[in-house]
Amino acid sequence: MELLAFGDTGWGDELFRATLMTIAVSITAMIIGFSFAAIFTPLKISKFKSFNLIANAYTTVIRGVPELLVIYLFFFGGSGAIMFLASMFGYNEYIEINAFITGSFAIGIISGAYSTEVFRGAIQSIDKGQFEAAKVLGLSKFVQFYKIILPQMLRLAIPNLSNVWQITLKDTSLISVTGLVEIMRQSYIAAGSTRDPLFFYSFAAVLYLLLTFLSMKLINKLEVKYSRGY
Amino acid sequence: MINSFPKLLNAAIITLKLLSVSLIVGLMIGLFFAILRLNKNIFVHKFAYTYSYLFRGTPLLVQIFIIYFGLGQIEYLRSTFLWVILKEPYWCAIIAFALNTGAYTSEILRSAFQTIKPGIIEAGQSLGLSSKIIFYKIQIPIAIRQSLPAYGNEIILMMKGTSLASTVTIMDLTGVAKYIISTTFKPIEVFIVAGGIYLFMTFIIHNVIKFLEKKYSFNS
Numbered sequence: 094m095e096l097l098a099f100g101d102t103g104w105g106d107e108l109f110r111a112t113l114m115t116i117a118v119s120i121t122a123m124i125i126g127f128s129f130a131a132i133f134t135p136l137k138i139s140k141f142k143s144f145n146l147i148a149n150a151y152t153t154v155i156r157g158v159p160e161l162l163v164i165y166l167f168f169f170g171g172s173g174a175i176m177f178l179a180s181m182f183g184y185n186e187y188i189e190i191n192a193f194i195t196g197s198f199a200i201g202i203i204s205g206a207y208s209t210e211v212f213r214g215a216i217q218s219i220d221k222g223q224f225e226a227a228k229v230l231g232l233s234k235f236v237q238f239y240k241i242i243l244p245q246m247l248r249l250a251i252p253n254l255s256n257v258w259q260i261t262l263k264d265t266s267l268i269s270v271t272g273l274v275e276i277m278r279q280s281y282i283a284a285g286s287t288r289d290p291l292f293f294y295s296f297a298a299v300l301y302l303l304l305t306f307l308s309m310k311l312i313n314k315l316e317v318k319y320s321r322g323y
Numbered sequence: 011m012i013n014s015f016p017k018l019l020n021a022a023i024i025t026l027k028l029l030s031v032s033l034i035v036g037l038m039i040g041l042f043f044a045i046l047r048l049n050k051n052i053f054v055h056k057f058a059y060t061y062s063y064l065f066r067g068t069p070l071l072v073q074i075f076i077i078y079f080g081l082g083q084i085e086y087l088r089s090t091f092l093w094v095i096l097k098e099p100y101w102c103a104i105i106a107f108a109l110n111t112g113a114y115t116s117e118i119l120r121s122a123f124q125t126i127k128p129g130i131i132e133a134g135q136s137l138g139l140s141s142k143i144i145f146y147k148i149q150i151p152i153a154i155r156q157s158l159p160a161y162g163n164e165i166i167l168m169m170k171g172t173s174l175a176s177t178v179t180i181m182d183l184t185g186v187a188k189y190i191i192s193t194t195f196k197p198i199e200v201f202i203v204a205g206g207i208y209l210f211m212t213f214i215i216h217n218v219i220k221f222l223e224k225k226y227s228f229n230s
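From first to last, the protein sequence lines are chains S and H. In terms of the numbering used here, the numbers along the first sequence are unbroken and rise by one, the last being 323. In terms of the numbering used here, the numbers along the second sequence are unbroken and rise by one, the last being 230.
Accuracy of the hints is not assured; some may be wrong.
Claimed, not checked - Below, a list of computed lysine-lysine pairs in the DSBU-like style, where the Cα atoms sit at most 35 Å apart:
#1 S:Lys310 to H:Lys50
#2 H:Lys27 to H:Lys224
#3 H:Lys17 to H:Lys196
#4 S:Lys142 to H:Lys225
#5 H:Lys225 to H:Lys127
#6 H:Lys225 to S:Lys140
#7 H:Lys127 to S:Lys318
#8 H:Lys127 to H:Lys220
#9 S:Lys234 to S:Lys140
#10 H:Lys224 to S:Lys142
#11 H:Lys127 to S:Lys221
#12 S:Lys142 to H:Lys220
#13 H:Lys147 to H:Lys127
#14 H:Lys127 to S:Lys314
#15 S:Lys318 to S:Lys228
#16 H:Lys224 to S:Lys221
#17 H:Lys147 to H:Lys27
#18 H:Lys196 to S:Lys142
#19 H:Lys56 to S:Lys310
#20 S:Lys318 to H:Lys56
#21 S:Lys314 to H:Lys50
#22 H:Lys56 to H:Lys147
#23 H:Lys50 to H:Lys127
#24 S:Lys240 to S:Lys228
#25 H:Lys225 to S:Lys221
#26 H:Lys220 to S:Lys140
#27 H:Lys142 to H:Lys127
#28 H:Lys56 to S:Lys314
#29 S:Lys240 to S:Lys221
#30 S:Lys310 to H:Lys127
#31 H:Lys225 to H:Lys50
#32 S:Lys140 to H:Lys224
#33 S:Lys310 to S:Lys221
#34 S:Lys240 to S:Lys318
#35 H:Lys196 to H:Lys27
#36 S:Lys221 to S:Lys140
#37 S:Lys221 to H:Lys220
#38 H:Lys27 to H:Lys225
Don't read these hints as lab results, they were simulated from the structure.
Modelling step: build the complete structure from the supplied sequences, incorporating the hints.
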């Protein structure tokens, strides 16, 4: 227990901050993932074959390639790509992107591929009559989607999105290879300096279990809220 | 890009070795725990549930690190024959992968066993078959057929999971890719080649599972 003391003597406060970092990265990645899903889901269900092709390429590649490889691509390739873009605008200084942004983006793109599949499935399982009814009511396209399709889609998507959240949360542990101090990285540092890896890695496992357990509780509440009336 | 291809291809063989050994061991672990899950004894049942909850609720990376870095710390283990296995990163990775995929497999098999209609088992009983034969000749084949699609996904997830072996010094496909990237600073080219090899493997696995599904479907 001494090892977990807060302050200079223990690793409690460091691990606490690392846990907050894990949560922050997971949420950021999830939001980035949703933005990707917002772009690729319409492409996926579009009538145009070439749009389908683009969206399918995205989800197939991301779901077929290891997360770690994607993270290495962003870690080693990220600042190069940004510098290349910047040089086109005449800026030639060295740019370093911080590990938080690279990591969230890498995990976000992965999480986005899973979210896209979930949203596609949810939209496709909404009854066709709902789309027709919305049209017949003479509502604008925006209101049709926002007031009729979206609420129903969310209800269907939440159980599967909770799986995506769990995957995203666990994937953040891989960002530790880029040096971002989240739970895994902090445990690695603590294990190295105290020579007690068994304790710190087990404690990291407990922290992850706690996070998955608590988020499940929270999501279950959301599920109840969105399935009112069913 | 072309120079790195043979190296990456060699590394892909290590990835496949890791994958196949952990899948075989994991399948046995999964079957064992799925049977425990169906046991009526509450302690046996809870034990199996806790196992699958622990391994599904924590990242694979943590599990590898606990086994590779953590277990070596226990003095007692160092003096037993287990140390011969546990000092090798290769076997540590396989133990972690097998336990991890075992947890997911046990869930897949459990739900497959539970969806078997009671009528089928009753039909077996009324034929006068012993419960052992009903289990081996009726329940297991149906459960395998039921769980094929989900297990196919698990194989692909596990193939991606083997990339974590590179964190404990094993030079698998991802490990070699990272090494080449960090020495040549050509992340995009290497990513395309290594990612292409991974995608090719995913494609093969996907099609083999599809073929098996068709072969063992109830209608044919």
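Now the hints, each set against the structure:
1. S:Lys310 to H:Lys50: holds, 27 Å
2. H:Lys27 to H:Lys224: Distance ~27 Å between Lys27 (chain H) and Lys224 (chain H) Cα, so the pair holds.
3. H:Lys17 to H:Lys196: holds, 15 Å
4. S:Lys142 to H:Lys225: holds, 31 Å
5. H:Lys225 to H:Lys127: Holds, at roughly 21 Å.
6. H:Lys225 to S:Lys140: holds, 33 Å
7. H:Lys127 to S:Lys318: holds, 33 Å
8. H:Lys127 to H:Lys220: Satisfied, since the Cα-Cα distance of roughly 24 Å is no more than 35 Å.
9. S:Lys234 to S:Lys140: holds, 17 Å
10. H:Lys224 to S:Lys142: holds, 28 Å
11. H:Lys127 to S:Lys221: With a Cα-Cα distance of about 32 Å, the restraint between Lys127 (chain H) and Lys221 (chain S) holds, given a limit of 35 Å.
12. S:Lys142 to H:Lys220: Status holds; Cα separation ~24 Å.
13. H:Lys147 to H:Lys127: Holds - the C-alpha atoms of Lys127 (chain H) and Lys147 (chain H) are around 15 Å apart, at most 35 Å.
14. H:Lys127 to S:Lys314: Satisfied, since the Cα-Cα distance of roughly 32 Å is no more than 35 Å.
15. S:Lys318 to S:Lys228: holds, 27 Å
16. H:Lys224 to S:Lys221: Holds, at about 30 Å.
17. H:Lys147 to H:Lys27: Holds, at roughly 31 Å.
18. H:Lys196 to S:Lys142: Between Lys196 (chain H) and Lys142 (chain S) the Cα gap is close to 33 Å, so the pair holds against 35 Å.
19. H:Lys56 to S:Lys310: Satisfied, since the Cα-Cα distance of roughly 20 Å is no more than 35 Å.
20. S:Lys318 to H:Lys56: holds, 30 Å
21. S:Lys314 to H:Lys50: holds, 31 Å
22. H:Lys56 to H:Lys147: holds, 27 Å
23. H:Lys50 to H:Lys127: holds, 18 Å
24. S:Lys240 to S:Lys228: Holds. Lys240 (chain S) to Lys228 (chain S) sits at ~12 Å (cutoff 35 Å).
25. H:Lys225 to S:Lys221: Status holds; Cα separation ~34 Å.
26. H:Lys220 to S:Lys140: holds, 27 Å
27. H:Lys142 to H:Lys127: holds, 17 Å
28. H:Lys56 to S:Lys314: This hinted pair holds, its Cα atoms lying about 25 Å apart.
29. S:Lys240 to S:Lys221: holds, 16 Å
30. S:Lys310 to H:Lys127: holds, 32 Å
31. H:Lys225 to H:Lys50: With a Cα-Cα distance of about 34 Å, the restraint between Lys225 (chain H) and Lys50 (chain H) holds, given a limit of 35 Å.
32. S:Lys140 to H:Lys224: holds, 29 Å
33. S:Lys310 to S:Lys221: holds, 33 Å
34. S:Lys240 to S:Lys318: With Cα atoms ~16 Å apart, Lys240 (chain S) and Lys318 (chain S) stay inside 35 Å; holds.
35. H:Lys196 to H:Lys27: The given pair, whose Cα atoms are some 27 Å apart, holds under the 35 Å limit.
36. S:Lys221 to S:Lys140: holds, 16 Å
37. S:Lys221 to H:Lys220: holds, 29 Å
38. H:Lys27 to H:Lys225: holds, 26 Å
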